[in-house]
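Chemist: Just so you know, the sequences run in chain order A and B. According to my numbering, the residues represented by the first sequence are 535 to 638, in order. According to my numbering, the residues represented by the second sequence are 29 to 267, in order.
Don't read these hints as lab results, they were simulated from the structure. Heads up, some of the hints might be wrong.
[What the hints assert, rightly or not] Below, a sample of chain A positions facing chain B; criterion: calculated Cβ distance under 8 Å:
#1 F540
#2 T581
#3 I602
#4 V605
#5 A606
In this text, a Cβ means the ideal position worked out from N, Cα and C, and glycines have one as well.
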Amino acid sequence: MESGNFRIYLLVMFGVTYLIRVLPFVAFHKKIENRYVRSFLAYIPYTVLGAMTFPAVLYATGSPVTAIAGVAAAFAAAWRGKGLFAVAVCASITAFAVSLIPGL
Amino acid sequence: MKQFLQGIKDGSPIGIGYFSVSFTFGLAAVASGLGWWEALLVSMMNMTSAGQFAGITVMAAAGSYLEMAVSQFVINLRYALMSISLSQKVDSRFGAAKKLVLGFANTDEIFAVAMSREGEVNSRYFAGLAVLPYLGWTSGTLAGAVCGNILPKQISDALGLAIYGMFIAIIVPAMKKEAKILKMVILAVVLSCCIYYIPLFRGISQGFAIIICAVAASAVGALCFPMEEEKEKDGQEDT
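One chain only, chain A, in its complex shape (with noise of 0.2 Å):
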């Protein structure tokens, strides 16, 4: 790729990118008092991850079954009450452990 292009799609990424976060971080500085715009943002967080994981998880691997079998082994893991990291382990090594069956 040109360099000259690679600085201006970096820059128009990290442009758009950084004021997406930092604008409405900087202009709420106050506390919002209405109890359901604190509920609505409260949901957000959960929301957002629960759109972002389904249905694409299935597809992050190539392989619907090793997908399954990687997201059922981290509901487990977090059910227990394992951290980010171990979750994110057991996710990846049973998909992996999965795909060395032959046949599928």
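Starting from the known structure of chain A, arrange chain B on it as the hints suggest.
Modeler: Relative to the frame of chain A, chain B by itself:
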């Protein structure tokens, strides 16, 4: 200092997780024609998985700068929602200058961990929380870009699950604690699957789909099951 160190500790699993996710990004970036240092620069200046993967796709296709800007805007618009949420969670001494710097690090996982902390979040804690994820994200990209192609495909495929494993690790404890969060996550997932599988919605990009699902499910949650007013916890702020 204690707060900063606590942040580092809470950020370490994200950092390790990011290493494996950005490893696959480094791999993909080099495969799509970027040099290793270009892949590294993209990660250093963005720190966002979905946006970066979309970005290298636009570069590889030699898309227009407008296309690049719009794709980044749509995919990353969720961060605007998160930044508004986070602005409600930080303490009053988290000023504009700190926000201009630390706001950069408001990723899905850092945000979720900061939000799940009891009481308010101060800037030292948030800075600590961001350190290892940033290092993990950039060093993983470098490692993937430089030595990614020696990895067997089954392993790089399995690593693709790591980021979703982290998402699940964040969602499940919250669902266990609050039935209404469970219900709204299920709603968001059902909506997301509808958009993905129903041909009528095929034109909706992934970034917009996430926003529609999260906004709809959170709005239903806020109207039908508003959260109890949390009592302000004492003893969180002293360092």
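Chemist: Please name the hints from earlier in the document that this structure breaks, with their numbers sorted from lowest to highest.
Modeler: Hints 3, 5 not satisfied by this model.
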